[in-house]
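Participant: Listed below, chain by chain, are the residues.
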Amino acid sequence: MTRTLAGADVARRINTDLPGAVVRSSGGDVWVELASITNVAEFLRDTEGLEFSFLSSITAVDYVEYFELVYHLTSLTRNQSIVLKAHCYGRDDLSAPSVCGVWRGADFQEREVWDLFGIRFDGHPNLKRILLWEGFPGHPLRKDFLGQDP
Amino acid sequence: MTVKTEPVTINLGPQHPSTHGVFRLRVTFDGEVIVDVEPVLGYLHRGSEKLAEGRTYVQIVTLTDRMDYIASMSNNLAYVRAVEKIAGIEVPERAQYIRVISAELQRIASHLMATGFLLNDLGALATPLMYCFRERERILDLFEMLCGARITLSYMRPGGVFQDTPPEFWPALEEFIGNMPTYIDELERLISGNEIVLTRTRGVGLLNDVDAVDYSISGPMLRAAGVEWDLRKADPYEIYDRLDFDIPIGALGDTFDRYIVRIQEMRESIRIIRQCIDATPSGPIRAETPFFIRPPEGDAYAAVESPKGELGFYLVSDGGISPYRCHVRAPSFINITPLREMLLGWKMSDLIIIFGSIDIVLGEVDR
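As you go down the protein sequences, you meet chains A and B in turn.
According to this note's numbering, the first sequence is numbered sequentially starting from 1.
According to this note's numbering, the second sequence is numbered sequentially starting from 1001.
Next comes chain A alone, as it looks inside the complex:
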C-alpha cells in the first residue's frame, strides 16, 4: 500500500531546513509559500526518507479569490505519497516558479496549467500554449471564462 505521509510531519521536516516555507498542513496535504515552491520541491526530492523523485501530477483549481496549485508527489523507492499545495493570488499576470528544473516531467503539465488557467511559470524552458493555439482568447478552466458563440 502506498503510505500517505502525515502533512504535519513533512511540514516539520521542511521547516527545519527551510524556515518560513510552510503555511499550514492537514491530512496528507502541505501548503507552502508560492515563492519557495522550487526549494521545497528540491528538498522533498533529495532528502533521505522522503525521496519524492516521481511527480505524479500538477494541476490548478480556481477558487475565484485565489488559484491553488496542486502537486501530487510519489516516492517510488519508499512507496509513499504527499500532496503539495500553494496559493496564487490575483487574476491578471499571474506567475509561479517552475519546478521543471526539479522534475522534467513538469514540462508539459505546467504548459497545460498556463494554457487552461493562465498561470505563468517563471523559469520554464518553453512556456507556450499546449492544447489550444497561440492567440486563443482567455483561459477556459477559469471560473469566469464564459466562452463564445461560434
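Any given hint might turn out to be false.
[Said to hold, decoys possible] Listed below are the simulated SDA-like cross-link pairs for lysine to any residue, each with C-alpha atoms no more than 20 Å apart in a straight line:
id, chain 1, residue 1, chain 2, residue 2
1, B, K1085, A, G27
2, A, K85, B, Y1324
3, B, K1050, A, R142
4, B, K1050, A, V64
5, B, K1085, A, S81
6, B, K1233, A, R78
7, B, K1050, A, H139
8, A, K143, A, V64
9, B, K1050, A, V61
10, B, K1050, A, R129
11, B, K1347, B, F1029
12, A, K143, B, E1297
13, A, K128, B, Y1043
14, A, K85, A, A21
15, B, K1050, A, W133
16, B, K1233, A, R3
17, A, K85, A, S75
18, B, K1050, A, L132
19, B, K1233, A, N79
20, B, K1085, A, R3
21, B, K1233, A, T4
22, A, K128, B, D1036
23, A, K143, B, K1050
24, A, K143, B, I1321
25, A, K85, B, G1298
[To be verified] To list a few chain A residues with every Cβ distance to chain B over 12 Å, as calculated:
id, residue
26, N15
27, P19
28, A21
29, S36
30, G49
31, P97
Calculated from the structure, these hints are not laboratory results.
None of the values given here were measured: they were computed from a predicted structure.
Ideal Cβ placement from N, Cα and C applies to all residues, glycine included.
Starting from the known structure of chain A, fit chain B onto it as the hints suggest.
Facilitator: This is chain B only, laid out in the frame that chain A set:
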C-alpha cells in the same frame, strides 16, 4: 567542391497514419538524422475537464469513455474510484471482481492494439495488426455481453457496475481465457524472434530508469526501463491484493523492451482473470447511492494502472451535484514529455517506431 546543405523541417501529421490519431510532429532533419523535434498537440481537445464541471457525477462516466477510447473500462474504473473515494462509497465484493475482470480484459485489448500498430509502423503492413484485431474483437464481444457497447462502454458506476453479468458471459470468458495463451504464443512466434523486428527495435529509442522516473513516465514504458512500479502491486485497489501475479520489467528501456513487456503483461492479465473467475462471489453488484451524489466538501485523487500508465482523477467537491474541478492525470499526455530527447540523433524510420512504442491515444492526450 563543398556541397551546401541545410536542415529541412517536415510536418509529420496531423493526418498521418503513424501518428495514430491527429498529432503533429515538427521534425527538423539534417539529411536523414533528426536534429530537432517539436510535438504539436490539441487537435482533439474537447475540454472534457470543463464539461465535467457542468455534469453530475454519474453523467461524467460517459465523458471518460471518450478519453482513452482504446481502453474505456480503465478510464471508467479510475473515475468511479475517485468518486467513491471523495464520497466514501463502499463497493460490493462481486462488483470489485467484475471490475477487475473487465479492466484486465481491457488491458489485453489495449496491448494487442499497441503491438499490432507497432508492427504496422515497422512496415509489416496490416498482417500482424489483423491477427491482433481478431483477438481484440473477441474481447469486444465479451464487453458487448456486459453492457451492449463495444468501444464507449460506460459500464461502471460510482458504487459498482450498472448491471450484472449475463449467464452467457462466463462460458464465453472461459473459452477466451482458454484460447488466449495460444494466440499470444502465435503472435510471439510471428514477431519476437523475427530478425527484422530485432534489428529495428533492439537498442532503439532508449530511455533509462533515472530519466523515466524524472520525466514522470508510467506504465509499460516505465517498466520497460527497468523500474518495478505497478500501482496494482504498489498501491493495490479493488481486490488486486488477493491475486497472484508478477510485474514484467525490461532491461534496457528500448523499443523492443516496451514491446515484450506488453506481451508479458497480457499473459499476467490472463493469470489474473483466471483467478478471478473462480473467486467471484455472488451478491449485489452496486452499492445504494443517491440519484445525485453530493460528496462532502474537499478533494480526492485516485489513480489506477491503466494500460498506458498511471491514470488518475483529481476531484474537488463544493458539496454540489457536479464536481467543482475534475482533473485527469493522463498517462499518454505525460508519457510523450521526453519525446524530443528520445528522438534526437535517430533517423526518420526510427522516429515512427519509437513514437509507436510509447503507445499513446490522442483522445487522452488532448482530452
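Participant: Please go over all the hints and tell whether each is borne out by the structure.
Facilitator: For each hint, the structure was consulted:
no. : hint                : result
1   : B:K1085 <-> A:G27   : holds, 15 Å
2   : A:K85 <-> B:Y1324   : holds, 17 Å
3   : B:K1050 <-> A:R142  : holds, 9 Å
4   : B:K1050 <-> A:V64   : holds, 15 Å
5   : B:K1085 <-> A:S81   : holds, 16 Å
6   : B:K1233 <-> A:R78   : holds, 14 Å
7   : B:K1050 <-> A:H139  : holds, 11 Å
8   : A:K143 <-> A:V64    : holds, 7 Å
9   : B:K1050 <-> A:V61   : holds, 12 Å
10  : B:K1050 <-> A:R129  : holds, 17 Å
11  : B:K1347 <-> B:F1029 : holds, 8 Å
12  : A:K143 <-> B:E1297  : holds, 18 Å
13  : A:K128 <-> B:Y1043  : holds, 16 Å
14  : A:K85 <-> A:A21     : holds, 12 Å
15  : B:K1050 <-> A:W133  : holds, 17 Å
16  : B:K1233 <-> A:R3    : holds, 13 Å
17  : A:K85 <-> A:S75     : holds, 17 Å
18  : B:K1050 <-> A:L132  : holds, 14 Å
19  : B:K1233 <-> A:N79   : holds, 11 Å
20  : B:K1085 <-> A:R3    : holds, 16 Å
21  : B:K1233 <-> A:T4    : holds, 16 Å
22  : A:K128 <-> B:D1036  : holds, 17 Å
23  : A:K143 <-> B:K1050  : holds, 9 Å
24  : A:K143 <-> B:I1321  : holds, 17 Å
25  : A:K85 <-> B:G1298   : holds, 14 Å
26  : N15                 : holds, 24 Å
27  : P19                 : holds, 28 Å
28  : A21                 : holds, 22 Å
29  : S36                 : holds, 21 Å
30  : G49                 : holds, 17 Å
31  : P97                 : holds, 18 Å
Going through the hint list in order, the structure satisfies each hint without exception.
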